[in-house]
Amino acid sequence: MTVQRESAPTPAGTDNQIEVKGLNKRFGAGDGVVALENVDLTVRRGEFVAILGPSGCGKSTLLMITAGLTPPSSGSVVVDGKKVTRPLTEVGIVFQRDLLFDWRTVLGNVMLQADIRGLDRNASREKALQLLETVGLRGFADRRPWELSGGMRQRVALCRALLHDASLLLLDEPFGALDAITRDQINLDLQKIWLATGCTAVMVTHSISEAIFLADRVVVMSPRPGRIAQDVTIDLPRPRTVEMRDTPRFAAYQATLRDAIMH
Amino acid sequence: MTTRSAMRQLTDIAYPALVFIVSIVVWEFGARAGWFPPYVLPAPSSIVARIGDTADLMLHHAVVTSFEIILGFVLAVIIGVALAAMIVFVRTIDKAFYPWLVVVQVIPKVALGPLLVVWLGFGFLPKVLLAFLLSFFPVMISAMVGLRSIDNDSMFLLRSMGADPIKIFRHLQLPSALPGIFGSMKVAITLATVGAIVGEFIGANEGLGYVLVTANGVLDTTLIFVALTWISVLALVFYGAIAMLENMSVHWHVSHRSRAAQALA
Numbered sequence: 000m001t002v003q004r005e006s007a008p009t010p011a012g013t014d015n016q017i018e019v020k021g022l023n024k025r026f027g028a029g030d031g032v033v034a035l036e037n038v039d040l041t042v043r044r045g046e047f048v049a050i051l052g053p054s055g056c057g058k059s060t061l062l063m064i065t066a067g068l069t070p071p072s073s074g075s076v077v078v079d080g081k082k083v084t085r086p087l088t089e090v091g092i093v094f095q096r097d098l099l100f101d102w103r104t105v106l107g108n109v110m111l112q113a114d115i116r117g118l119d120r121n122a123s124r125e126k127a128l129q130l131l132e133t134v135g136l137r138g139f140a141d142r143r144p145w146e147l148s149g150g151m152r153q154r155v156a157l158c159r160a161l162l163h164d165a166s167l168l169l170l171d172e173p174f175g176a177l178d179a180i181t182r183d184q185i186n187l188d189l190q191k192i193w194l195a196t197g198c199t200a201v202m203v204t205h206s207i208s209e210a211i212f213l214a215d216r217v218v219v220m221s222p223r224p225g226r227i228a229q230d231v232t233i234d235l236p237r238p239r240t241v242e243m244r245d246t247p248r249f250a251a252y253q254a255t256l257r258d259a260i261m262h
Numbered sequence: 000m001t002t003r004s005a006m007r008q009l010t011d012i013a014y015p016a017l018v019f020i021v022s023i024v025v026w027e028f029g030a031r032a033g034w035f036p037p038y039v040l041p042a043p044s045s046i047v048a049r050i051g052d053t054a055d056l057m058l059h060h061a062v063v064t065s066f067e068i069i070l071g072f073v074l075a076v077i078i079g080v081a082l083a084a085m086i087v088f089v090r091t092i093d094k095a096f097y098p099w100l101v102v103v104q105v106i107p108k109v110a111l112g113p114l115l116v117v118w119l120g121f122g123f124l125p126k127v128l129l130a131f132l133l134s135f136f137p138v139m140i141s142a143m144v145g146l147r148s149i150d151n152d153s154m155f156l157l158r159s160m161g162a163d164p165i166k167i168f169r170h171l172q173l174p175s176a177l178p179g180i181f182g183s184m185k186v187a188i189t190l191a192t193v194g195a196i197v198g199e200f201i202g203a204n205e206g207l208g209y210v211l212v213t214a215n216g217v218l219d220t221t222l223i224f225v226a227l228t229w230i231s232v233l234a235l236v237f238y239g240a241i242a243m244l245e246n247m248s249v250h251w252h253v254s255h256r257s258r259a260a261q262a263l264a
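Heads up: the sequence lines are chains A and B, in that order.
In case it helps, numbering that gives the first Met the number 0 puts the first sequence at residues 0 to 262.
In case it helps, numbering that gives the first Met the number 0 puts the second sequence at residues 0 to 264.
Read the hints as simulated data drawn from the structure, not as lab findings.
Hints should not be assumed to be uniformly reliable.
Think about it this way: if two alpha-carbon atoms lie no more than 27 Å apart in a straight line, the pair counts; the simulated DSS-like pairs of lysine-lysine are [claimed, not checked]:
hint, chain 1, residue 1, chain 2, residue 2
1, A, K81, A, K20
2, A, K20, A, K82
3, B, K94, A, K82
4, A, K81, B, K166
5, B, K166, B, K94
Here chain A is said to cover these stretches of chain B; the calculated rule only asks that three of the stretch's residues, wherever they fall, bring their Cβ under 8 Å from a Cβ of chain A [unchecked claim]:
hint, stretch
6, 108-119
7, 151-158
8, 248-256
We put the beta carbon where it would ideally sit given N, CA and C, even for glycine.
Build the full structure now, drawing on both the sequences and the hints.
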């Protein structure tokens, strides 16, 4: 995979892929639980945005509403100029759990995307094997999901989300359950793939360093009700390396975001 | 390590075989010593001899009963799964029919036997129907549970791929439900056997259940044992066939993995 760009690709403000306006989400009848309150968010095409916040701040809900999988209580989400009223299909989603099917092999799980969409099987198979190669799992194509470690499984889920060349990648705390070492490695893989494909990525996470490492912009959410507390642009060169975490700039971003979460 | 595992494999077969042989020997000895009269418990050797003598005739009866069992069971699986899918997918059907299905399940189906004879006569049909009625409920319940036990995220994943309900059924719900359905099929096949035999008790002129009733009428205990042997063999064969089918279709399920792992080890 080659690196096709050094930083955020398109000039600011010209081409928004996602526009969230005045979004509210209440669970339960009457007063209920307010999960999201008056959330505005725009994501430019090709941008990597991380949504950062503690558990239960509604960040996953925001992602699911964006994907059209959960209806909002009020407000609107526009993706590619169209209001989202039903599940978006021009997306790839990676969930908290890998959701691999035991009745399919590793390759079969990646191919699920092609089988459901009715894509050309041979071409998709080639693409799937290539993606598995990128994340170092080509040799596991014929294995079953239960033979893989948690990190490997989540890599397969990532490949599945990328098979159909979606212009938008939604990641819902995908690496939350992984150990720190595995997480670093998979973050590097994700950056490599994102740089190569040029897709837009929105990732929900509760890890500050993961957010800074991957994102062009980090949106901090406050809990109950979920609101956007701060929007921080991460100005670090690409591709980012693990060593960059030890730089003062990285530490400064970390301090800023920690403050934003605490307040 | 290999000698120990070979040893274990040997004892796995040897111990149950030993129990069988000792029981038969004691039984045979008891029969010859006159511990019990032959019309109560005939000697194993005379049962075996009778099995040989009656093979042709019994084969005919066994075929009849097998067809009843298989047809009733296959109907139970097809209708059980189809009905489960309809109940899961169509709310109106769930509301209108499910309570009645439970009521029907609570009625002891065997008690319906005489009525089925009145309606359908002494032929093939009432036995098939009884086998079906006894065996379809467990299949339907397992299929319903399996089809419904899909977590939200898996559903979201497939919807984001643009899957319609049919694709969700085919690629997610049915495979998830399959291990449970196979488990219920093992229960259903024994129930179908009971249904066919009882159906023959009530009114028939062929089949293993018919042989049992006529042998009982003339106190031919040896023939009763011959029929029981045939029934047991049939039941074992059917059960084995389903277990094989299960191994082929849901080898990926947790319940089948330990064996695969053992084979590798």
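Hint check:
1. A:K81 <-> A:K20: holds (13 Å)
2. A:K20 <-> A:K82: Answer holds: A:K20 to A:K82 is near 11 Å, not above 27 Å.
3. B:K94 <-> A:K82: Not OK: B:K94 and A:K82 at ~36 Å, beyond 27 Å, violated.
4. A:K81 <-> B:K166: holds (26 Å)
5. B:K166 <-> B:K94: holds (25 Å)
6. 108-119: violated (count 0)
7. 151-158: holds (count 6)
8. 248-256: holds (count 5)
Hint compliance for this structure: hints 3, 6 are broken, all remaining hints hold.
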